[in-house]
Amino acid sequence: MAKTFEKGNVAIAKAAVAAGCKYYFGYPITPQSDIPEYLSGVLPSVGGQFVQAESEVASINMLLGAGATGKRAMTSSSSPGISLKQEGISYMAGSEVPGVIVNVQRSGPGLGGIAPSQGDYFQATRGGGHGDYRIFVLAPSSVQEMYDLTVLAFDLADQYRMPAMVLADAMLGMMKEPLDEWVPEPKAFDKGDWALGGASGRPGRRVKSLFLGDGELAEHNWRLAEKYREIREKAVRVDVQVPDGCELAVVAFGSAARIAKSAVDRANDEGRRVGLIRPITLWPFPTAEIREVAERGVPLLAVELNTGQMVEDVRLSSEGRSPVTFAGWPPGYLPSPDDVYGEIARRLAGGEKVA
Amino acid sequence: MKAVFTRPESLTDKPFHFCPGCHHGVIHRLVAEAIDHYGVREKTIGAASVGCSVFLYDYFDIDVVESPHGRAPAVATGIKRANPDRFVLLYQGDGDLAAIGTAEIIHAANRGENLTVVFVNNTVYGMTGGQMAPTTLLGQPTTTSPYGREFGQDGYPIKMTEMLAQLEGVGYAARVAVDTPARLAKARKAVFQAFETQVEEKGMGFVEILATCPTNWGLPPLEAVKRVETEMIPYFPLGVYKERKGKDFL
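So the sequences go chain by chain: A and B.
40 is the number of the first residue of the first sequence in this note's numbering; add one for each residue after it.
979 is the number of the first residue of the second sequence in this note's numbering; add one for each residue after it.
Errors might be hidden in some of the hints.
[Stated by the list, open to error] 25 Å max Cα-Cα, derived DSS-like pairs, lysine-lysine:
(1) K247(A) with K1021(B)
(2) K230(A) with K247(A)
(3) K266(A) with K247(A)
(4) K1167(B) with K1137(B)
(5) K1137(B) with K1220(B)
(6) K980(B) with K1021(B)
(7) K1167(B) with K1204(B)
(8) K992(B) with K247(A)
(9) K1137(B) with K230(A)
These are calculated hints, taken from the structure and not from any lab test.
Please work from the sequences and hints to get the whole structure.
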C-alpha cells in the first residue's frame, strides 16, 4: 500500500484492524481518543464490535471476556485510565488471556496533565497490578513503529497467551508522519485447547486464576516464570548503535530516543564518538545487550521523560561494569536536541559523576 | 423402572461445598435445569463472580471464565459481543453485584446486553465471613455492623431489581425466593424466563433470588429458611418487575 501521512494514534488503530482485531473496548481520555474515535467508525464495517464502556475498569474486563474466547481484541487509554486497568491486567496475566493494551502516556501522578511523559515506565514494566507477573511492553518511537509494534503486540499476545502493552506517549500519539500501512500475513495461532466457545463435545473448560489446591498456585506461578524466562531469551528487541571506540552511549526509548538521536548525531558530526541504545521491548528489557556495551567500558547515559525510572534497569544491566548516569525531564517541558546534547557534552567533558 | 428425578445433565457429580441450609445448591440446580431445558449447555460460556459462587465452575459442566470481583457483567459483555451466537450466563452474589460491581451491572443492563443474570441475594458477604452487604437489612447484625445495620451509619438495603427494571435495556426482571415448594416453582419459572429473554434477544434477563446464609446469619437452617419469609420478603417484595413481550425497545 502507498504511504499515507498519518497521526500516531490513528496508526495504532489502523494496525489493529490490519492485524485482525475486530473488538475494541474503551473509554475516552486525552490524548488517545483518536483510537476509539477511529475504531468506532471502522469496526462495524469489518464485522466487528466497538463498545464505549462505562469505565476503564469495565473496558479491560470486556477485553478479558473477549480474549478468553480466543478473539483478537484491544483496549486503549492514557496513564490515569491505565491505572484503573491494572486489576484486569493482573487477571489476564494470571489466567493467561491474550489481549492488547495501548497506553498513550500523559503525565502524572494523579490527574497530572496531558503533556507527553514516560512516567509510566515502572507501572508498565513492573506490573501495576497485584501478583507475580509480567506483560510485554513495546515502545514505539515513530508513527511507523506505532503501526508495526501494534501488529507485533497482537502476535506476541497470542503466541505467549498474555497481555501485551504498546507504551507510547502524547507526542507520538498526536504527531503525523509518513506511514506504510502494510498488511500483515495472517498468522495461525492454535487456540483450540484453551479458548472458550461452549463445551461442545467436550467437558466444560476453565479460564481462571484462582488456585486453592495444595501447591497449585506455586506450580502455576513457576510455570508463568518459565514462560517469562523463555520470553527474556527469545523476544528482546533493541536497536544498538554503539560502534567501537565510543566514549559514551545514550540509552533512551520512545519519544526520548528520537530527541536523543538528534543530539547523538550532532555530537558525532562534531567528531565525538557517541552511541545510542534504544530498547524497543521495555519488558523483556535488553539486559544482555546493554551489559555487552558496559563490558566494553562505554559509560552509559539514560535519557528519559521522567525523573529516573528506566535508568534503574540500565544500572542493573551494566552490573557496575561501566558508569551509568541519568538526564531526565519530567512533564511540562519537552527537551530539545540541544538540551540532550548539553548533557552529552557535559559527560564527555567529565563534568558528571557516576550517580 | 422409570426415573422421575435425576441430576440435570449440566451439573457435574461433584458434591457441593456449600454449608448446610445454604440455598446456592438449590439455585444451582434450577440454573442447570434451565441450561438443559433450552439445550444451550454446549454453547454456554459462564462468567463466574467472586464469592461463594466462584466455584460454580466445579459444578456446572460448561465453559467458564473467572471474573474479578463485580466485573462479570463487563467480562460477559466482552464474551457476548465477540460471540453473539453463544449463550452467556452470569451468577453473582449481592456483594459482587450490588456493591463493587454496581457500575458494571447497571451499564451492561442499560446497553441491553443479551445476557442472563442470576443474582443471589442473601443479605451478607458469605465467603469473607459475614460482613455487611449493601442488601443487609436494617437492624441485621453482621461482623462489620455488630450493633445491627443502622441507616444513619450504613444507608438502606439496596433494591437492585427495582432499579434495573427501570432500564430500557432490561428485558426481564424478577425477584423470587426458594424457601417453599410453591416459591421454588415460581423461581424456576423466573430463571427459565431470564434464559428465554437472552435466547430471544430481548435484552438482559435478570432474576434476583432471595437466599439463606445460615452460617453467617448465625441461624440453624430451618430458622434461616423462615427468615426469608419473615424478614426478607417484606423488604424485598417478590414479583415480576418487568417483562418485555417482544423486541419492543423504545
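Here is what the structure says about each hint:
The suggested pairing of K247(A) with K1021(B) holds, with an alpha-carbon distance near 19 Å, which does not exceed 25 Å. Taken as a hint, the K230(A) and K247(A) pair is honoured in the structure, with Cα atoms around 16 Å apart against an allowance of 25 Å. For the proposed pair K266(A) and K247(A), the alpha carbon gap of about 17 Å is at most 25 Å, so the pair holds. With a C-alpha separation of about 21 Å, the suggested pair K1167(B) and K1137(B) falls inside the 25 Å cut-off, and the hint holds.
A C-alpha spacing of about 14 Å is found between K1137(B) and K1220(B), which places the hinted pair at or below 25 Å, so the restraint holds. Proposed proximity of K980(B) and K1021(B) is contradicted: the alpha carbons are some 30 Å apart, above 25 Å. Only pairs whose Cα atoms come within 25 Å are accepted, and K1167(B) paired with K1204(B) is accepted, the gap being roughly 22 Å. Between K992(B) and K247(A) the alpha-carbon distance is near 19 Å, which keeps this suggested pair within the 25 Å criterion.
Pair hint K1137(B) plus K230(A) does not hold up; C-alpha atoms about 41 Å apart against a cutoff of 25 Å.
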